[in-house]
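S.K.: Input sequences plus hints: build the corresponding full structure.
So the sequences go chain by chain: A and B. By my numbering, the letter at position 67 of the first sequence is numbered 67, and the numbering carries on one by one without gaps. Numbers in my numbering are just positions in the second sequence, counted from 1, shifted up by 327.
Take the hints with a grain of salt, since some may be wrong.
To be verified - As a list, the in silico BS3-like pairs of lysine-lysine whose alpha-carbon atoms are at most 25 Å apart:
1) 444/B to 180/A
2) 444/B to 513/B
3) 437/B to 180/A
4) 404/B to 180/A
No lab work stands behind these hints: they were computed from the structure.
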Amino acid sequence: MVGIIAFIQGAIGQGIPLLYGCTGEILSEKSGNLNLGIPGIMYVGAMSGVIGSFVYENSVAGELNPFLAVAIPILCSLLGSMIMGLIYGFLTITLRANQNVTGLAMTTFGVGFGNFFGGSLIKLVDAQVSSISLSRTSSFFTKTLPFSGKLGWFGDVFLSYGFLAYVGIILAIVVAVVLKKSRVGLHIRAVGESPTTADAAGINVTKYKYFSTVLGCMIAGLGGLYYIMDYIKGVWSNDGFGDRGWLAIALVIFTIWRPAVGIIASFFFGGLYILYIHFPMGMVMNEIVKMIPYVVTLVVLIITSMRNKRENQPPASLGLNYFREER
Amino acid sequence: MEKRIEAVKMQKITKNFGQVVANKDVNLTVYKGEILSLLGENGSGKTTLMNMLSGIYFPDSGEIFVNGREVTIGSPKDAFDLGIGMVHQHFKLVDVLTAAENIILGQKGKLDLRAAKEKIAEICNRYGFVVDPDKKIYNMSVSEKQTVEIVKVLYRGVDILILDEPTAVLTPQETEKLFHVMRNMKADGKSIVIITHKLNEVQEISDRVAILRSGEYIGELITAKTNPQEMTNMMVGRQVVLNIEREEPVNPKPRIRVEGLNIVDIEGISKVKDVSFTMNSGEILGVAGISGCGQKELLEAIAGLQPVVSGSVKYIEDDGTEAELIGMDPRKIQEKGVALSFVPEDRLGMGLVGNMDITDNMMLRTFREGKKLFTDKRKPAETAKDIVDTLKVKTPGLETPVRKLSGGNVQKVLVGREISNAPKVLMTAYAVRGLDINSSYLIYDLINEQKREGVAVLFVGEDLDVLLQISDRILVLCDGEVSGIVDGRTTDKNTVGLMMTSLQKSDQVYEKI
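M.R.: Printed below as a string of structure tokens:
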């Protein structure tokens, strides 16, 4: 029983960063921008937050102000991923550069950015281990909901996470509702399906693309921050975030572009990601289990394209840039 | 018409695309409560001019006045605000959204689908449309989509409606319905500009005709006081002979024999039922039928692109030896000299690659020829130049990607390529769809030339008048079955028209009009 609860907790904890990445990427893709820079942007989001809290922790000798300890990393993280989003948007939307190439470059750059500053900070503290620990900041991020310790398994499974986990779930629901029910959402979908149509209908395509892409990046960046501050308790080590960004992109396809489905799906992926830790099966099996999320995504791709329902297809102009006077 | 109020006035409008002059010093006036036809050859700048009115393009110079006030139209939104709406040739609809969602796209305020649907119903009642607001666009027929487009524009309360080749993809019945609606709108005081190539439609629907040639404004005519010959001459700029010659077939020999052909589509619906006929060399066999009653499947089956349930298609050599084409590789069929030029609704969808230039598109047919290591680009380049010259394709050069050409010019390239291949059997479907009258006659001449050279021609056409003029024999299809083969010289439009519908189980479809 204890093992299973720990596994569920681990799965959800692992799932939340994926959920952030997935929500952000869906928002971006719905507007027609295939942002393969998400893995890098999540690194930048994490690193920016780490830098913020590092500076704050080192400037305060005594007790940290709870509000600032939380607000500074979050704002820094949002700022970092916003800048990444703006760079990506400027290249692909304004200059109409190839989205795949730009995205991959952003990922390479983002991972490098994280590791470069990570390495620099590690040098600054001159630690024996090759990581930075921000446990004082992290303690605010890992604060669980009240009563989580007193309600037995219910508390453990549902209430034992830091606030960013709940923010991630709420964000996914909000994005789902906005995309589905609101006029803004309708316009974003129209832009992603057929920018010429949207344009002819008087929708500002550039504005909506920038809005969705940049906001998507900012949401994804928070996923990186959650991972560092909450899941691994404020410890940055280079390359520690791993390939979770790619898993988030796979999740977008797995959920067939539905952020609300992403909530359960991300926990499922998170569970698969750590299955081998909780239920060791030997070296070979472990590696095979780690592949399952990608295999499942492939299977979903096959199924959705076989059933050929139009609603389950990617946005029609995904990956294409729009230029009004193109003939 | 004594007191005409100007709704839109365009003055000295000029627009260039790089080296290409699309419009030069064009003056055009649209009056309130009239239907104006905008006529011109393919690539004469009609669509470009209208796109500037609807905010898609921005003019390089010139002024636009709406209701007497000078305006700047920088985006489609500006155009809507001025009461100008355009229905584009290629529909601007989002496939996965419903009709209602498409109609309210781009509007401000809270999303209230219920209120929107009420307003849509009201518009439909006023002008006589039928729209199901909850139907997804991808489930709709072409004519339904067009209706949604028009309702979308009316929903925004436009007074000036631009229709770009609205009838090109409609059946005659659907066209009649559209015209009915247009007359209602006119009676409601709205101005309509319609771009079309079909002169009989111009005569039927419009009050006035404005003519463009090579991007320049040539003049206007009162529809009631003109005739197709005069309009054509103004469009082309010289006297044009509007008749199709039909010579007696010389020494016709059976070339293709189709027997008992049955085709079933992917959903299991029978498309071609027990069709048998023979195509002769040096003869044009016309195929008449309401669109979608098996023409496409029949042609594709002969070209080896469509699996058949049963039946045979025999290719007969001059010496009488026969070869079965069913089950043969499409490439082998092509090598036998069977050419198919099918012009689908989406011209670029089949036959041409939009991102490749004219020469490379020619190479699609020839790249397998020869045994050299590298492909031969010289010959295709010559063919390309030949087609551009004879068919007067308007293009900045042979290196221009095909997708940048205007619709009609794309088609000339496609048809030109198939003919240039010196085929033994030529099948063309809707070869002149969307082409202006002059280009159409060029194509007819080319087809006749093929006939003279002994090619067996299968000509699927939409315009019965043309079919009757060009065909030696006419195969009439009705719902996938042959309702008869008639002599093109002795039959008349009524007979063929009746045969096209004679197998129809019920006449409901036509009663609605």
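S.K.: Mind listing which of the numbered hints don't hold for this structure, in increasing order?
M.R.: When the structure is compared with the hints, none of them turns out to be violated.
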